[in-house]
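Work the whole structure out from these sequences, hints included.
Top to bottom, those sequences are chains X and F. Under the numbering used here, the letters of the first sequence match residues 1 to 431, in that order. Under the numbering used here, the letters of the second sequence match residues 1 to 359, in that order.
Hints in this document: simulated from the structure, not taken from any laboratory. Note that the structure is predicted; figures quoted are calculated from it, not measured. Each hint should be verified, as a subset may be incorrect.
[What the hints assert, rightly or not] Lysine-lysine pairs mimicking DSBU-like chemistry, simulated, CA-CA at most 30 Å apart:
| id | chain 1 | residue 1 | chain 2 | residue 2 |
| --- | --- | --- | --- | --- |
| 1 | F | Lys150 | X | Lys425 |
| 2 | X | Lys422 | F | Lys93 |
| 3 | F | Lys231 | X | Lys211 |
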Amino acid sequence: MGLKKMMVGFLGSVIAIGGFLEVATADLKFPMLVYRTGAYAPNGIPNADGFVDYYKMINARDGGIGGEKIVFPECETGYKTQVGVECYEKHKENAMVFQPMSTGITYQLIPKASADGVTVYSTGYGRTSAKNGKVFKWIFNAPATYWDGASIAVRHILKQNMGNIKGKKIALVYHNSAYGKEPIRTLQVLAKKHGYKLMLLPVDHPGQEQKATWLKIRKQRPNYVLMWGWGVMNQVAIKQASSIKFPMENFIGIWWSGSENDVMPAGAGAHGYKALTFNAPGDDYQVHKDIKKYVHDKGQASGDGSHFGTVLYNRGLFQAMVQVEAARVAQKIHGTSKITPAMYRDGMENVDLNAKRMEELGFKDFAPPFKNTCENHGGSGLAAVQQWDAKAKKWNMITEYMYGDAAVVNKLIAEDSTKYAKEQKIAMRCN
Amino acid sequence: MIYKETGQFKSTYESDHSIFPLIQDKIAFNILMLVAFLVVPFFIDSYWEKAILIPFLIYSMAAIGLNILTGYCGQVSLGTGGFMAVGAFATYKIMTFFPDLNIMIIVLLSGVITAFVGILFGLPSLRIKGFYLAVATLASQFFIIWLFNKVPWFYNYSDTGQITVSERTMFGVAVTGANAPPYATYLFCLILVVVLGFAAKNMIRSKIGRSWMAIRDMDIAAEIIGVPPLKTKLSAFAISSFYIGIAGSLYFAVYLGALEVTESFDIMAISFPVLFMIIIGGLGSMLGSFLGAAFIVLLPIFLKNVMVDLIGLSAVTAKHFEITIWGLLMVVFLILEPHGLARLWSIAKEKLRKWPFPY
Chain X
1 MGLKKMMVGF LGSVIAIGGF LEVATADLKF PMLVYRTGAY APNGIPNADG
51 FVDYYKMINA RDGGIGGEKI VFPECETGYK TQVGVECYEK HKENAMVFQP
101 MSTGITYQLI PKASADGVTV YSTGYGRTSA KNGKVFKWIF NAPATYWDGA
151 SIAVRHILKQ NMGNIKGKKI ALVYHNSAYG KEPIRTLQVL AKKHGYKLML
201 LPVDHPGQEQ KATWLKIRKQ RPNYVLMWGW GVMNQVAIKQ ASSIKFPMEN
251 FIGIWWSGSE NDVMPAGAGA HGYKALTFNA PGDDYQVHKD IKKYVHDKGQ
301 ASGDGSHFGT VLYNRGLFQA MVQVEAARVA QKIHGTSKIT PAMYRDGMEN
351 VDLNAKRMEE LGFKDFAPPF KNTCENHGGS GLAAVQQWDA KAKKWNMITE
401 YMYGDAAVVN KLIAEDSTKY AKEQKIAMRC N
Chain F
1 MIYKETGQFK STYESDHSIF PLIQDKIAFN ILMLVAFLVV PFFIDSYWEK
51 AILIPFLIYS MAAIGLNILT GYCGQVSLGT GGFMAVGAFA TYKIMTFFPD
101 LNIMIIVLLS GVITAFVGIL FGLPSLRIKG FYLAVATLAS QFFIIWLFNK
151 VPWFYNYSDT GQITVSERTM FGVAVTGANA PPYATYLFCL ILVVVLGFAA
201 KNMIRSKIGR SWMAIRDMDI AAEIIGVPPL KTKLSAFAIS SFYIGIAGSL
251 YFAVYLGALE VTESFDIMAI SFPVLFMIII GGLGSMLGSF LGAAFIVLLP
301 IFLKNVMVDL IGLSAVTAKH FEITIWGLLM VVFLILEPHG LARLWSIAKE
351 KLRKWPFPY
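Take a look at the structure:
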C-alpha cells in the first residue's frame, strides 16, 4: 500500500508542479543554470552571485527593463549535463536567454535551443565556432572565444620573447572535456606557425588528481604552461605548480582560471601567476555603487555577499549586463516592452556596447567595447593579461586589451561552423 | 479481498506458465500498457519527455541489462558506464558510416556490437569471482572510457571529442535530433523497452535463465549437474551487454543528442547509479529494475520540484536537502527491505490478498 500511495502522491504532485509552471506572467524570464554545489562550486558561487545581484539591482533601481520586472529562477546543475537538460526543459517556456555556465551543457543546448527558438549566451565559453552567426542563429559567445584566448596567450608569450618562440616548449594543462579541448586545434595551428612545441596534459574531472601531470612538467620543463581549468582543478594546479617551483610568471590561465578562489589556496606560492581576462577586477565602478546602494545595503545580497568585486563576481555582472542590455535593445527594435524570446534574439544580435554606452550602464572602463552583428556573434575577441599579487591579494592588469590571431582563428571558425552546418543541414543566414 | 487467486483455475500448462498468472495482475498490466501507449503520447510535453520518461526508460533498460548479469547470473559488474559508452559510440560510428540506415537497425546493431565487447570483457569471469570480478569490470570501465577519449577515430576527429547525433526518422517522423517530437522519441524508447523487457522476462523463465540462476546460486553444483559455466557466464555477459548497449545507444541518440565520453559515461554518472538501481529495486527481479530506475532517476527530480516549486526553497538549499533525503531514503529502504523495492511490492501483494480482513 505504502508504495501505491507514494506513486499516487508522486504523480499528483508532479501534475501540480506542471500547473505551477503555467503561471509565468509577462515578466522577463532569465533562467539561471547555476552550480553552488559540487567540485565547481568555488567558481560557480561568485559568478551566480554576480548575476543575481545585478538583476536585483536593475529591478530595484529601474523597476526592471522598460518596466518589465526580471524574474530569474535558479536551477542547480552541479555542472552536470543531464541535470542541465532537465533544467533547460523546465525553464525554457518563455525564457529570454540561457546562460549554461558550462561548455558541456552549451554543446547540449545548441541544437535544442536552436530548434526551440531560445537564445543561448555562452559568455567567453562554449562552442567557439558559434561566433559564426551565419550558422548559429540562436547562439552567442561574445565578447571573446577560447580560440581568441589561446592565440592571445601565445601573443603574450611572443611579446615576452621578442617575437621569437621557435623551439620553445608550451604545455597545455586542460580539463579533459569539451571545454578543455577547445583550444587544442588553435594551439596546434599556432605551433606550426611559430615553431613552438606543444605538450598536451589532460586532467580528468574533477581535477584533484594532478600529481602525474606536474611530475611530467617537472621532468620535461616546458618554458610556458597554459591552463584551461575550472573549479577545484585550478586551485590544485596552481598549488602543484608552486610546489614544483615552476616560475609562476610563465604560467598563464584562461579567463576561467584566474579568480581569487583559484590562487588563494596556494598562498604566497601563487605570486606572479597570470590569467587572461575580458573584464576588470575591483569594486569601485558605478555599477558596484548601485549594487551596494540598492541591494547590499538593504540586506538582500545574494549568498553571503563576500564575493563582491571578485573576478568571477564581476564577470557575472558583465554577463548579466549584456543580457539585460539585449532585452533593452530588443524592446527598442520592436517598440514594445513585452518582448518574446524571438524578439530577444534580435536584441542580442544588435547589442552595441561601445565605450559611451558602457559608461551609461555604470561599466566605464570595465571591459573593452564590443558589438554583435548578424555574422559575428562572438564580439570583439579582446582580452588582457592580469597577474596575481599574492602580497596585496589582488589582480593587476599588466597588458592592454589585445586581439588574438584573427587570421588563424577566423579560418578555423569558418571551417568548423561550415562542417556543422553541413552535418545539421543548416542554411546560411545574413546574405 | 480484491487481490486473491480464489476461483482462478488453470486447466492448461500454457495458462499456468503465463507471465502474470493472476487475472488482477494481467488487467493491471494491460491497463498500464494501454495508458503508456495510447494515452501518454497525446499528453507528453518536452519536459516530461526529456527530464522524466526518456531517462526512466533508458535507465530501466540499463538496469534490466545489469540485472541479468548481476541479479540473475551473480556476476558483479561495475562496467555499465563503459558498455553504455560502447553502445553510444557504436551508434555514432554506424550513423556516420551508413547515413541511410534505419535508426531502429542502428540501435539494435549497437546492442550487438556491445554484446561482443561484453563477451570479451566477460572472459575474466571464468577465472575470478565476486569482488575480484567487480575490480576486473571496473578496469573495463576505465579502459573503454580512456579509449574513446584517446583515439580520435571514435569521435570522427572532432575538435572537442563531442559526438553529435544527426536527425533520423521512423515512418517519416524524426526520432533523433533536436526536431524530434516528444511523442516520437518516447514511443521509440517505450517500444524497445517493452519488447526487450518481455524478451528478457521470457529468457529468465526458460532454460538459459535457469542456468544463469544455477551459476549464481552455486557454480560448482551447477557445473556438476551439467550447466556449462563458460557458455552460461558468457551468454549472460553477452545478453546483459546487449541491453546495456541499447540503453547507451538511446542515451546518446534519443536522450542527450550530443555528449562527451568522460562526463556522460563516468563511473559516478552511470556504473554506480545503475548498480544501485538493481540493488534498491531488487536483485533478480524485472519489476525491480523498473522500480530501481524510478527511485534513482525520478526521486531526485521529484524532491527538487517539490522543494523548489511547492515549498519555495532556494535551488541550492533544495539541492543539499535533496542529496540528504535521497541518501537517507536509500539507507532506510535497505534496512527495512534488503531485498529491494520489488520485495516490498510482493509483501504488499501478500497483504492485499487478505485485505481488508486480515486474520
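Check the hint pairing Lys231/F with Lys211/X against an upper bound of 30 Å on the C-alpha distance.
violated, 44 Å
Does Lys93/F sit within 30 Å of Lys422/X, going by the straight-line distance between their CA atoms?
OK: Lys422/X and Lys93/F at ~17 Å, within 30 Å.
Is the hinted pair Lys150/F and Lys425/X satisfied, with a Cα-Cα distance of at most 30 Å?
OK: Lys150/F and Lys425/X at ~29 Å, within 30 Å.
Of the numbered hints listed earlier, the single one contradicted by the structure is hint 3.
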